[in-house]
Every structure is written in C-alpha cells, then in structure tokens.
Amino acid sequence: MKMILPHPEKCVACHLCEGACSFKHEGSFVPAKTRIWVYDFVDEGIYGAVTCFHCKDAPCLSNCPTYAITRDPATGQVTVNDDKCIGCKMCMVACPFGVMGFHMEKNVAHNCDLCGGDPQCVKVCIYDALEYAEVEPNEWMLRLDEVEKPAAAT
Amino acid sequence: MPYGWVGQVLRINLSEGKVTKEPLNLEWAREFIGGRGLGTRYLYEEIDPACDPLGPENKVIFATGPLTGTYAPTGGRYMVICKGPLTDAIACSNSGGYWGPELKFAGYDMVILEGKAPKPVYIWVYNDQVEIRDASHVWGKTTEETEDILRAETDPQARTSGIGPAGENLSRVACVINDKSRAAGRSGVGAAVGSKNVKAMVVRGTGAVEVADAMKFSELVFESLRLLNESPTATKALRGLGTASTVGFTNSIGILPTNNFQAGQFGEANAISGPVIAQTVLRRNKGCYSCPIGCARVTETKGPSKWQGRGEGPEYETIFGLGSDCGVGDLNAVLYANYLCNLYAMDTISAGGTVATAMELAEKGYIPAADLAELEFELKFGNPDAVMACLELMAYRRGRFGDLLAEGGYRLAEHYGHPELFMGVKKQDFAAYDPRGVKGMGLGYATSNRGACHLRGYSMMLEWFAPREMRLDPFTTDGKAQAQKTLQDKAACEDSSGICTFTTFEVTPDKLYPMYNAATGENLTLDEWNLAGERIWNLERLFNSRAGFSRKDDNLPPRMTREPLTGGAVQEQVVELEPMLREYYDIRGWDDDGSPRAETLSKLGLG
Numbered sequence: 001m002k003m004i005l006p007h008p009e010k011c012v013a014c015h016l017c018e019g020a021c022s023f024k025h026e027g028s029f030v031p032a033k034t035r036i037w038v039y040d041f042v043d044e045g046i047y048g049a050v051t052c053f054h055c056k057d058a059p060c061l062s063n064c065p066t067y068a069i070t071r072d073p074a075t076g077q078v079t080v081n082d083d084k085c086i087g088c089k090m091c092m093v094a095c096p097f098g099v100m101g102f103h104m105e106k107n108v109a110h111n112c113d114l115c116g117g118d119p120q121c122v123k124v125c126i127y128d129a130l131e132y133a134e135v136e137p138n139e140w141m142l143r144l145d146e147v148e149k150p151a152a153a154t
Numbered sequence: 001m002p003y004g005w006v007g008q009v010l011r012i013n014l015s016e017g018k019v020t021k022e023p024l025n026l027e028w029a030r031e032f033i034g035g036r037g038l039g040t041r042y043l044y045e046e047i048d049p050a051c052d053p054l055g056p057e058n059k060v061i062f063a064t065g066p067l068t069g070t071y072a073p074t075g076g077r078y079m080v081i082c083k084g085p086l087t088d089a090i091a092c093s094n095s096g097g098y099w100g101p102e103l104k105f106a107g108y109d110m111v112i113l114e115g116k117a118p119k120p121v122y123i124w125v126y127n128d129q130v131e132i133r134d135a136s137h138v139w140g141k142t143t144e145e146t147e148d149i150l151r152a153e154t155d156p157q158a159r160t161s162g163i164g165p166a167g168e169n170l171s172r173v174a175c176v177i178n179d180k181s182r183a184a185g186r187s188g189v190g191a192a193v194g195s196k197n198v199k200a201m202v203v204r205g206t207g208a209v210e211v212a213d214a215m216k217f218s219e220l221v222f223e224s225l226r227l228l229n230e231s232p233t234a235t236k237a238l239r240g241l242g243t244a245s246t247v248g249f250t251n252s253i254g255i256l257p258t259n260n261f262q263a264g265q266f267g268e269a270n271a272i273s274g275p276v277i278a279q280t281v282l283r284r285n286k287g288c289y290s291c292p293i294g295c296a297r298v299t300e301t302k303g304p305s306k307w308q309g310r311g312e313g314p315e316y317e318t319i320f321g322l323g324s325d326c327g328v329g330d331l332n333a334v335l336y337a338n339y340l341c342n343l344y345a346m347d348t349i350s351a352g353g354t355v356a357t358a359m360e361l362a363e364k365g366y367i368p369a370a371d372l373a374e375l376e377f378e379l380k381f382g383n384p385d386a387v388m389a390c391l392e393l394m395a396y397r398r399g400r401f402g403d404l405l406a407e408g409g410y411r412l413a414e415h416y417g418h419p420e421l422f423m424g425v426k427k428q429d430f431a432a433y434d435p436r437g438v439k440g441m442g443l444g445y446a447t448s449n450r451g452a453c454h455l456r457g458y459s460m461m462l463e464w465f466a467p468r469e470m471r472l473d474p475f476t477t478d479g480k481a482q483a484q485k486t487l488q489d490k491a492a493c494e495d496s497s498g499i500c501t502f503t504t505f506e507v508t509p510d511k512l513y514p515m516y517n518a519a520t521g522e523n524l525t526l527d528e529w530n531l532a533g534e535r536i537w538n539l540e541r542l543f544n545s546r547a548g549f550s551r552k553d554d555n556l557p558p559r560m561t562r563e564p565l566t567g568g569a570v571q572e573q574v575v576e577l578e579p580m581l582r583e584y585y586d587i588r589g590w591d592d593d594g595s596p597r598a599e600t601l602s603k604l605g606l607g
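Protein chains in written order, with the numbering used here: chain A, 1 to 154; chain B, 1 to 607.
Chain A extracted, bound-state conformation (with noise of 0.2 Å):
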C-alpha cells in the first residue's frame, strides 16, 4: 500500500510536516492536533518524523473495544470512525509507535488519512525526509530498523 515513509536521516526538525498536518486537518496551526509527530532529541543528534504506518497485524485495531477503527480491504489503510470512537485511548496504549493521535475536543483518538492521497507533510517536506511510498503493510519492521539508524550512526 502508499504510505508515508520517513527518512529520519534527512530531517533537520524544523516540525514544518506538523504545522502542514494540522492546517490541513483543523484549519489552523495546532500542533497539539497534529497527526505526525517530530522527535528533536538535538542534544544527541536524534530527530525524525513518525507517523501512521497502517500495520498489516494493528495493535490499535485489535484492541478497539468498541470495533471503532477498521481497515480499508482495498488499500490496507487504518481508519478511526469517529462516530464509534468512544475516547478510551486503548489504540493510543497500544501502538508500537505511539503515533495514534488524540483530539481533546472531539474526544476522539484520530490518526494520519493521508490526506485522501495527496499527504501535505509530504508536501512541504523539502528536505525529502517524508515519502509518499508504495510499501509492503509488513515491512514495517524494515522500517523500525531506519527510524533507529541514526542513533546507531553518533
């Protein structure tokens, strides 16, 4: 499936993709509601984007108590139904990435849509560090191995 897929080597945290995320979403600059997420740990040289990886086996999905996130057969895609979400935050419990977000207002957890195909943050990422890539729901462990290089790398 397409998804978004960081290059944490390229980013230079400048948290642009979150400021793009939110406008998109919310209308305004609200970080707080962001959907992507930047690390900047500069002291030790660590900073990078996360986002959804849409895992082929969720944890969000199977501990939903209330069946309130599914997955587009078609394209694979993890999906929050606000109108199930009852707010408990297991999902948020339960991601490996800690990428699943929560709206305070809405009192729902909200994830990235990837912006109906078109992904802002990609968008106004101009150091490359965010691509809109095709990739196999199940190489995601590939990817955890990116996210840690540059920690390997100081």
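Any given hint could turn out to be false.
[Stated by the list, open to error] Distance condition first, Cα-Cα at most 30 Å in a straight line; then the derived DSSO-like pairs of lysine-lysine:
#, chain 1, residue 1, chain 2, residue 2
1, B, Lys180, B, Lys236
2, B, Lys180, B, Lys116
3, B, Lys180, A, Lys10
4, B, Lys306, B, Lys180
5, B, Lys216, A, Lys106
6, A, Lys10, B, Lys511
7, A, Lys56, A, Lys2
8, B, Lys380, B, Lys306
9, B, Lys364, B, Lys552
10, A, Lys10, A, Lys84
11, A, Lys106, B, Lys21
12, B, Lys302, A, Lys10
13, A, Lys2, A, Lys123
14, A, Lys123, B, Lys236
15, A, Lys10, B, Lys216
16, B, Lys119, B, Lys180
17, A, Lys123, B, Lys603
18, B, Lys236, B, Lys511
19, B, Lys364, B, Lys141
20, B, Lys380, B, Lys364
21, A, Lys2, B, Lys216
22, B, Lys141, B, Lys119
23, A, Lys89, A, Lys56
24, B, Lys364, A, Lys10
25, B, Lys364, B, Lys180
26, B, Lys216, A, Lys123
27, A, Lys84, A, Lys56
28, B, Lys552, B, Lys603
29, B, Lys511, B, Lys603
30, B, Lys18, B, Lys180
31, B, Lys216, B, Lys511
32, B, Lys141, B, Lys18
33, B, Lys141, B, Lys116
[Said to hold, decoys possible] If you want the ones that stay clear, here's a sample from chain B, every Cβ over 10 Å from chain A, calculated:
#, residue
34, Trp28
35, Thr280
36, Gly329
37, Gly365
38, Leu375
39, Glu506
40, Arg546
By construction, these hints were calculated from the structure, which means they are not laboratory data.
All C-beta atoms in this analysis are idealised placements derived from N, C-alpha and C, irrespective of residue type, glycine included.
Given chain A, work out where chain B should sit, using these hints.
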C-alpha cells in the same frame, strides 16, 4: 481571535509577583506589523528611554510576529526587545528555535517583564496557567543544565528561553538562549533579563494559530518553498555549509576581520571554513521551527585536542568573533568557545569582539603590567587559552579584569584610555564584514539603531553577492545611502513579521506582504508595507534620540575611516562615511543632527 495573532499579551510584574493578561493592541499591530516593531511601540510607550537599562524601570518584551507559529517559511522567530545594557540604545535581538511558536500555541503573542523579582524566579506558562516559580535551584547553572532541570519539573515537551551565568552576573555581552543553543544575541539583552532576577521562561502550549485566508496562505507558502528549494543561496550555501559558507569568500577578498580588524585576511581561515566544518565536525543539519533551509550545525569537536565537547554552531559570525578576530585558527577551539558562549549565554560576536579588544590593548602595552600579572594566561592574539579564560572571566565577572571584560569592549578600551581600539558603533561590536571593503555596510553599521549590526541593512548582498549586472560597486559611496535605507526598512518588516532573514533572499517584500495579508486578513499594499518598515526604523530612532543619541553616535572608529586595509582585493580602502551619512540623513528626512524632521514623522503617523 484575530487572525495571525492569538490576541493576548502576558504582563508579568515581577516586583509585585502579579500576572495579568490583556488584549493585544491590534491598532499598533497593524501599524507596526508585529515582533520588533510592535515590541518597540510598547516599549516606547511604557518606559523612559533615558532610564538605566539594568534598573527595574527598564522592561523586557518577548514578542512574536504574526507569521510566528504558522508554516510560513522560517515562521518561528521571536524577538527580545528592551533598552540594551550594552548600548544604552533600543535593543531587539531575534532568535529562532522552537520557543516563539510555543508561546503562541500557549495563547500569547507577547510577554512583558517589568519590575524586578525580589529573588531569582522562573516563569512557567502552560496555556492559561502562569506561575512565577522559585529559581534558586537553577540560579548559577548553565543554559543546558537549566533547561534539563526545568523541563523535568514542568513538562518534558516544554520549551525554555532564558539566561546563563553571564546574564545573572549582568555581563553586558549576555544574551538570551532558547532551546539550549538558539540565541537572541545582541545588545546584552540577557543582562536586562538577569537584572529582573528572571532565570527562564518555560512554555508549553496546545492552542492554535489561525490565518485569515487559508487557501491563499497555503498557495503563497508552497510557492515560497519552491523558490527556496531552487535557490542556491538557501540550499547549496546555507543548507550545505551553514553560514560558515561565507568564510572562504570574505577571506579571499580581504574583509574577514582578523586580529581586532587589524587585517582583512586570516592565514588559517581555511581551517575554520564551511567546507572543513561540513567534512569534519558536523554531525547533522538542524532547522528552527518551520524552516525550509536548515542552516544550523549540530557539531562535535574532532580529533585529539584539549578542547572537547559537542553542541550547536559555529555560525559565520562566531567563526569571526571567537576565531579570526582573536587570531584563533584551531577549529576545535572555536567550537569549544562557541559551546561555552551557549552555556554561559553570551553573544559570540560581542564576547569575541571584547576579547579581541583586550588582546590588542595588551599587545600594544596599554594594559598595565600589574593588571596583566593577575591573569594566568598570556593575553595575545592566536592564544585559544586566553579566549576560553576570558570568556569565563567575562561570564562570572571574576576578578577585577573579569569585571572590566563583562562591561564589553568599548568600556574596557575606554577604561585603559584607548576607546579608539574598540571596533564597533554605539558600544556594540562590529559583525564579520570589514566595512572598508564593503562601504555600504560601513554606513549600515554607523546608522544601525541597535549599534553595529550586519542584519539591519545587509548591503553585503548588493555589493558583493549580487549578480554582476545588479551589483553596487563596494568601493564607492554611490547609491549606498539609498540602498541602506531600503534594506533597513525591508529588514524591519521581515523581522517584525516573524520570519528569518535567510528566507528573504528569495521571499522578497513583494512575496512577503501578501503572505502577511493572507495570514492577518489585512489589506496592505506594497507601499504601505514598506512604509511600515520606515515607521519602525524611525520609531527606533526616536527612542534613541530620547535616550540621548544623535549624529555623534552615528560614527565609525578611526581605524575604519583612516587606516587602509592591506590585503586582498580590497586593499587601500577606507570608509568615506561623512558624504554617505549626509546623503542618508537627507533621504531619511532627518535633520543634520540625525533626528527625524516633523514632516517625516507626520508622513509616518508618528507625529
């Protein structure tokens, strides 16, 4: 909530421990754009420009711009505005990092610190909760330790902006450091914060910044991003090599100030140049909030050396200040000195300039042997031990000599009876462009409202970097007055809007003002935008006039106007300041004493 702004000012009276929130003066915001301009407007209204900058009657304003916190390219700046302890003039120091946007997300466009806390405090802002907390446990600590401790006791995602030991000890070269390594550097603003007994402001915000016309705004932003990504200045030079990319060029033409401006070429320049940094000590690039350029260098010293450490930097100005200007060509030493300045929170330009002044005074025999005997190092050019030792003396005001160093280069040189050896204007040290080889910068230094500064009117761009057919001859005075006026007004708008000067090589005023309009919902024309810049410049000038500044202060040290440079393409040049200055006053609509005429003020709505 107004667009572009969050509409609220946080006022903290430290003497009474009182916190008040008031609506932002939107009328002023319209007239003065934001940040630098708006902060100056508040300051002009609220303090006596003749006050003691280190007294409780001075105020310190932390101000953001209307584009701060948005995804406008480099829309992450904030400014610290106060009466400058180093200069006694208006001060506005600009910084990136993450603190400015966080303040806006917490719901404040501006923080005004007034009075003086009876004991050391820090301010903890979490959205609408604001606390003045005891800071005795972090007083005396470096910026890094302070940030770690304060984040641990507030919120690990909080952003901090504050001072180090230099600010606490009221060293006049102290700066404000946020996010451990981004500096609101110049004019000694850190000492002003220290004089209020404020160690830091720790901020965490979860709110939003809204813009008026989302479609238009995003269209303009993506267009600027494209331009920046295609620009060799932004990508090859700044992203690839950082600001240090400038070293090779300025050294080759002979305007890289060396040994306190006694020379314009430095024999060891290559060792501290951009490419060498990129190949050796650079760990990663970093960008401030919303930055599509990423010029910051995350570095680490390399190889066997007594100077070991890691941190951020060096910038071009630091390479000059702590490197060539002090005759130091050891990259590890320059890095280490840079890290020390970040830890103590000192301006690398003014700290370097002060050490260089001290070195020349010592080499020329103007410092009595008795004073030098107290030092445990040899105060001479090229000695990195002297640089490190001086930085520590300066930050902590150690001993009699440390006390003098902490007063900055001008007061040091004056104390030893040779103020002409101080290289700067209005008691503030020059930046890293010897004005004898780029005369527009000479006029810019002389007339800059906050004392010598390269960012107020960066005519280097026009005189050396521009394509040949657009270039102004750097060796003549022709057209320099007009160029400086235009550039100064332009920079005033850019700073005030909340973006970084490096974006503006591509995002020119005709592209920036529509972005401001789309964000705020205003309808300024390009002329009105430029006029706002002129208004800000004149307001700063008015502040200075009331603080006692006049034509006599728009001056350069005699070395710049009388002693020619010797090497490179620029040899035999001096700055012919007088004719440029006369023309400049004329173009500005100022009288012979450098004060704005009544009709100028009424044209700008300042009358």
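Restraint status (C-alpha distance of lysine 56/A to lysine 2/A at most 30 Å): With Cα atoms ~13 Å apart, lysine 56/A and lysine 2/A stay inside 30 Å; holds.
Restraint check for lysine 141/B with lysine 119/B, where alpha carbons must lie at most 30 Å apart: With Cα atoms ~16 Å apart, lysine 141/B and lysine 119/B stay inside 30 Å; holds.
Hinted pair lysine 364/B and lysine 10/A, Cα distance within 30 Å: Violated - the C-alpha atoms of lysine 10/A and lysine 364/B are around 50 Å apart, more than 30 Å.
Pair hint lysine 511/B and lysine 603/B, alpha-carbon separation not exceeding 30 Å: holds, 25 Å
Pair hint lysine 216/B and lysine 123/A, alpha-carbon separation not exceeding 30 Å: Roughly 16 Å separates the two Cα atoms, so the pair holds.
Exclusion check [arginine 546/B not at the chain A interface, CB over 10 Å]: holds, 38 Å
Satisfaction of hint between lysine 216/B and lysine 2/A, Cα-Cα up to 30 Å: holds, 29 Å
Assertion that glycine 365/B lies farther than 10 Å from chain A (Cβ): holds, 44 Å
Restraint check for lysine 380/B with lysine 364/B, where alpha carbons must lie at most 30 Å apart: holds, 10 Å
Proposed proximity, lysine 511/B with lysine 216/B (alpha carbon, max 30 Å): holds, 12 Å
Proposed proximity, lysine 106/A with lysine 216/B (alpha carbon, max 30 Å): Within the cut-off at roughly 27 Å; holds.
Satisfaction of hint between lysine 306/B and lysine 380/B, Cα-Cα up to 30 Å: With a Cα-Cα distance of about 19 Å, the restraint between lysine 380/B and lysine 306/B holds, given a limit of 30 Å.
In summary, the structure is inconsistent with hints 10, 17, 19, 24 and 25 from the numbered list given earlier, while agreeing with the others.
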